[in-house]
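The residues making up each chain are set out below.
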Amino acid sequence: MFVIEKRKTFTKVQNFFLIIIFIVLSLIMSSLIFLLRGLNPFFVLTKILTSAFGSFYGIKETITKSIPLILCGTGLVVAFRGKFWNIGAEGQLLIGAVMATWIGLFIGKNLPSYILIPLMFVFGFLGGGVVGLIPAILKVKFNINEVITTLMLNYIIENLISYLVYGPWKGKTQYGFPYTDNLPKNALLPIIKGSRIHYPTLIIGFFVALLIYFLINKTKIGYEIKVVGENPYAARYSGIDFLKVTLVIMLISGGLAGIAGVGELAGIHKHLTYPYQISSGYGYTSIIVAWLSGLNPILVLISSLFFGGILVGGDIIQTTFGFPFATINIFNGLMLFFIAASHFFINYKIKFVKVKYE
Amino acid sequence: MNENYILIYSILKRAIISGTPLLLATLGEIYTERSGVLNLGIEGLMAIGAVTSFGFTLITKNPIFGILIGILFGILLSLIHGFVSITLKGNQTISGLALTMLGIGISGFWGKAYIGKSLSERISEISIPFFEKIPFIGELIFKNDPLVFISWILTILMWFILFKTKYGIIIRSCGENPLASDSMGINVNLVRYYCVAIGGALAGMAGGYLSNVYTPMWIEGMTGGRGWIVIALTIFSLWNPLRAILGAYIFGGIYILQYILQLRYKISPNLLLMLPYIVTLIVLILSYEETVKKKIGAPKFLGEPYQKEEK
Amino acid sequence: MNIPLIEKLEMRNIYKEFPGVIANNYINFHINKGEIVSLLGENGAGKTTLMNILYGLYRMDKGEILINGKKVNINSPRDAISYGIGMVHQHFMLIENHTVGENIALYLDNVPIIFPEKSVERKLKEFFEKFKFNINPKSKIYELSLGEQQKVEIIKILLRGASLIILDEPTSVLAPIEAEELFKLLKNLKDEGKSIIFITHKLNEVFKISDRVTVLRLGKVVYDGDINSVNEKDLAKLMVEREIIFNITKEKKDGNKEVVLSIKNLYVKNDKGLLSVKGVSFELRKGEIFGIAGVSGNGQRELVEALTGLRKIEKGEICYFGKKCEKFDSKIFRKFNVAHIPEERTKIGVVPNLNVEENAILRVYDKEPFTKGFGLNVKKIKEFALNIIKKYNVLTPSTNIKIKFLSGGNIQKFILGREIETKRDIIIAAHPTYGLDIQATRYIRNELLKMRNMGSAILLISEDLEEILEISDIIAVIYEGEFLKVDRKENFKIEEIGLLMGGVKS
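Those sequence lines, one after another, are chains P, B and H.
With the numbering used here applied, the first sequence corresponds to residues 56 to 413, in that order.
With the numbering used here applied, the second sequence corresponds to residues 77 to 387, in that order.
With the numbering used here applied, the third sequence corresponds to residues 9 to 514, in that order.
Since the hints were derived computationally from the structure, they do not count as laboratory data.
Note that the coordinates shown come from a computational prediction; the quantities given were computed from them, not determined experimentally.
Note that CB positions come from ideal geometry on N, CA and C, so glycine has one too.
Check each hint, because a few of them may be wrong.
What the hints assert, rightly or not - Across the chosen pairs, the derived CB separations fall in these ranges:
1) K138/P with D279/H: 18 to 26 Å
2) N402/P with I295/B: 41 to 49 Å
3) I76/P with G381/H: 36 to 44 Å
4) K78/H with V79/P: 54 to 62 Å
5) N239/H with V408/P: 54 to 62 Å
6) I76/P with D87/H: 39 to 47 Å
Unchecked claim - Below, computed lysine-lysine pairings styled on DSBU-like, alpha-carbon distance capped at 35 Å:
7) K70/H with K61/P
8) K355/H with K165/B
9) K146/H with K240/B
10) K277/H with K497/H
11) K375/H with K343/H
12) K198/H with K138/H
13) K339/H with K138/P
As the list claims (entries may be wrong) - Just a sample of chain B residues kept apart from chain H, beta carbon distances all over 12 Å, derived:
14) N78
15) Y85
16) M293
17) G329
The following block holds chain P by itself, in its conformation from the complex (with noise of 0.2 Å):
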């Protein structure tokens, strides 16, 4: 007989096990659907971590995928802790890739390097910060589900970049393909030698981990977020203006996902081309990768690592074993099943007591 007790206090330590367990019970299970297909799930499992964690070209790809995650997710933490749910990363990180393109190719393009570079981060950020205030707005003012608004504007940059490249944009030099033209050499970020690691963005991250870190745990804005998140009858009580916080949430949240845009673009693609080549679902997955860090900034450092490793992971399911990309959603999927339960698992333990009979 089970009984279901609740739970008097839930430690650091019995969280920290309870996400490694949702991770290796998410691999087992994901792993398992390759054996409906006439694979070995072990097999399969074994080649992905290898290759992402295994060898030194498997570690630098992963560190290359981290850097979109890092930056993403850690905007996402701003936006979960006050229970904004954005969904709309992958769309804010794309309009960030336009800015880039914008300024990079046309606007700035004679300009150096070290002033082009900056100014086409502070455009991703604005860019994805201003796209984001829409869903804000339309939450705080009409009560408009954010989920919905966010990824409907997914679907329309998504489509707005679709007519940039096969229009507009389209490159001269680029044999007819939809891709823009490349951008100029002073636009471009460096990389470190031997990887495709554009080293500035993964240091902005690094920073705006620190940064976001700060922001939320000793700023006044920061604990205006998290208080309008964990309870917003305590919020009204204290006077808190919802307004103001749920746009500053999402200004960073965008901005942030815009900042990640242009590390893509200037740093890896160098054009702009099909949306999905240019976001890969960076926007989605970095959902779970806020969730997984617990919603803490610095932690966003490590989950992106694992999940850059998954990524790497979904490139191999692709090129060493023919299934498509998208398969790793179902690892993401059940991760974020497990993190949804998980509101059950920190407040209640499954007892095992044994029936008297009298």
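Mind docking chains B and H on chain P? Use the hints.
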């Protein structure tokens, strides 16, 4: 004159066909939300319905069986969301997103084997004799594939059950006031499970329609965000099955409008592809105004897990 | 399926304990068919607990219930309903967005599946003809007046076959005319052989409608008898009689004290849109404790919410420190140096998932010394939190744990400390010791007196009459949104307060 006649007929016909999967899934989500549960996983459920029904139709060469399988898998997967939301009282937004991701992941993986394959057995249209001879309307309404007719029957049936029977009162009470419902002896959580399953079944059916009738093949990502539009349509329909038809066909029409605008006015297809999503945003804003005016809103306790008080 | 008529219902030796308090202390209660029995007592006397046990919402620890001489087991409302017992709660169990017909159809178990409302309408027609009133079955619940809604609740119960109806403070939401209509209906039902238990704190009603009255105090029955054998004064005395031990000597402060809060002719509506504060005026002075006595539900909550910016004012003036406020909301309220110890401490007074330190600055996070430009002065916040838990005896292993892990009493002490450490001029304390153990209660009362002696003006709202009597300088008795009497404590007699709380103006 004849040309315009054909044009309008085509638009309306395609609007019905495009709108049918939207209608089916919206009907299901209406029941789910009326009982108090928010299911954001429709996109994933439709994908699962599409891939499983395609696969089984391919193997068994029986599209009816294929769609039934799509319905089955829709039910099974929606129950995961049900378990996490209702019994474990987890956050329904996160759980719904999880379902979407899971559905997209499984269907992408599973569907790899089906890419490029086409169905030999297709569902053929049914014509209702005599009525189909009526000019213009005849072929539009009385000659359709069976799932269109089923969607109409379901609309009326589900509207009737929801508003004219005791079952409907029970479902609506669970979403409006679970505490009062519980005090009247109703098992709120069980009712919610049923409604989540109904939502899953219809989303699966909608997916099956997409891969068996609409574009009878499997393409990764073929649900194209329809699941999210369904969520918006549920709000636009003011949680009333009859109104869902209106919303579904308007959106069905938008898909067709894209082609028309592209052909006639040479507007870039990519800009036109934005149309459904922009319209969704507009629809949501308008719905807000309407819910304020008509004082009809979402079920009061939508998205809130029901917790019995401790004695 | 017909439920047999309840000829006699007995509750024998009912004992129910909650952590720290004995709610029902071996209570005996009985009612016969065709009787209306009033169950009278203050808040916390045990009336609601007793009836919740009868209706299956609570399980008794000891005791038994007999219907027509046979023992019955009531473990849930379903059981109670099957025996013919129905209850109308203070918060109606109705679905507001549904029609009358739909609500009743939901409750009955013998309606057809298809078009159930038609069958309900037929039954209602019979009912209305018999009892000579009418409610449109197609109207939505929110369109009905509260009196009509209550009638729907009663009809619902009767149509299901109840012969015993429990009404919990039924007139607390009614206008006087509606109350009269209710009494008429109840008398009609009584003539039909139904038994009615009427929970109330209003003395005049007891005499208007009961055959018998049972008075509870502190979990025990202190009187059970015919209504004709007592009068209002007797009942009031029974309800409130106690020995007031003044443990704390209060300094008598002379001289006219400065007015810090002035309320003029305040009108406030409640959530249902009805006026629950009707023309309240008073002045709060430095160095005084102004206690508002009254049974909860008479407008106290709305009054406090209006004063703290959490509820809109319909009419009237609120003047803090001589500043008249044109627009008054919680943001403006935060600027004043006014402490607010809220009634719903865990719901609005703290953020359960944040730690103790973070909760310490809930209302002062943007004031010095806790703020440094954009940032928070973490060191000062920690000091502040440690100071509070030390000074106010808050038991917690550290200031770093989430506040939801503290007990209710410690949370309350913490809130009290947090508020009065930074805001001393005015303290608004709503039910500050509700649900706390004796030690915590005594501690908080002492603290409030200390603040008063140091010059704070304190507005105390409490259901606990003992508390009001113990520490107030000035007492106001509130009843149905009005202050029936405002005077210095010395000028009150105990029975007088009891009468006033019951609505009897001398």
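A quick look at each hint next to the structure:
Here the CB-CB span from K138/P to D279/H is close to 24 Å, well matched to the stated 18 to 26 Å. Taken as a hint, the range 41 to 49 Å holds for the pair N402/P and I295/B, whose Cβ atoms sit roughly 43 Å apart. At roughly 42 Å, the beta carbons of I76/P and G381/H sit within the given window of 36 to 44 Å. Separated by about 58 Å at the C-beta atoms, K78/H and V79/P satisfy the suggested range of 54 to 62 Å.
Separation of N239/H from V408/P is about 57 Å and conforms to the stated range, judged on CB atoms against 54 to 62 Å. Between I76/P and D87/H the Cβ separation comes to about 42 Å, which falls inside the hinted range of 39 to 47 Å. Between K70/H and K61/P the CA atoms are separated by roughly 26 Å; this keeps the pair inside 35 Å, and the hint holds. Of the pairs offered as hints, the one joining K355/H and K165/B holds, with about 19 Å between alpha carbons and a cut-off of 35 Å not exceeded.
For the hint pairing K146/H with K240/B, the CA-to-CA distance comes to about 13 Å; that is within 35 Å, so the pair holds. For the hint linking K277/H to K497/H, the alpha-carbon distance of about 29 Å falls within 35 Å, and the restraint holds. A C-alpha spacing of about 10 Å is found between K375/H and K343/H, which places the hinted pair at or below 35 Å, so the restraint holds. Between K198/H and K138/H, the direct Cα distance comes to roughly 14 Å. Compliance with the 35 Å bound is thereby established for this hinted pair.
This hinted pair checks out: K339/H and K138/P have alpha carbons roughly 22 Å apart, not beyond 35 Å. Once the 12 Å rule is applied to beta carbons, N78/B is consistent with being away from chain H; the minimum gap is 48 Å. Interface exclusion of Y85/B from chain H stands, the closest Cβ pair being 38 Å apart, more than 12 Å. Remark: the non-interface label on M293/B is consistent with the geometry, its nearest Cβ contact in chain H lying 43 Å away (cut-off 12 Å).
Every CB of chain H lies more than 12 Å from the CB of G329/B, the least distance being 32 Å, so the non-interface label holds.
Checked against the numbered hints given earlier, this structure breaks none of them.
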